[in-house]
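Q: Please construct the entire structure, taking both the sequences and the accompanying hints into account.
Our numbering applies: residue 151 is where the sequence shown begins, and numbers increase by one.
Among the hints, a few may not be true.
What the hints assert, rightly or not - Ranges between beta-carbon positions, derived for each pair: (1) 187 with 156: 29 to 35 Å; (2) 188 with 158: 27 to 33 Å; (3) 155 with 188: 33 to 39 Å.
No lab work stands behind these hints: they were computed from the structure.
Just so you know, these numbers come straight off a predicted model, no measurement behind them.
A virtual CB, placed ideally from N, CA and C, is assigned to each residue, including glycine.
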Amino acid sequence: RGARTAWLQVVADNTEAMALYTKMGFEEAYRYAYWRKASA
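A: Structure follows, in structure tokens:
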């Protein structure tokens, strides 16, 4: 409906999803990591 941009968030090891989105014309924009404090 007129959208020009869409952002998807996919777990990097989800190869099936990555393949599907690539086939649909999406490309990887960037990667990032979540950080948490180590448990004691």
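Q: Now tell me, hint by hint, if it's right for this structure.
A: Hint check results:
no. : hint                     : result
1   : 187 with 156: 29 to 35 Å : holds, 33 Å
2   : 188 with 158: 27 to 33 Å : holds, 30 Å
3   : 155 with 188: 33 to 39 Å : holds, 37 Å
The structure is consistent with each of the numbered hints, conforming to all of them.
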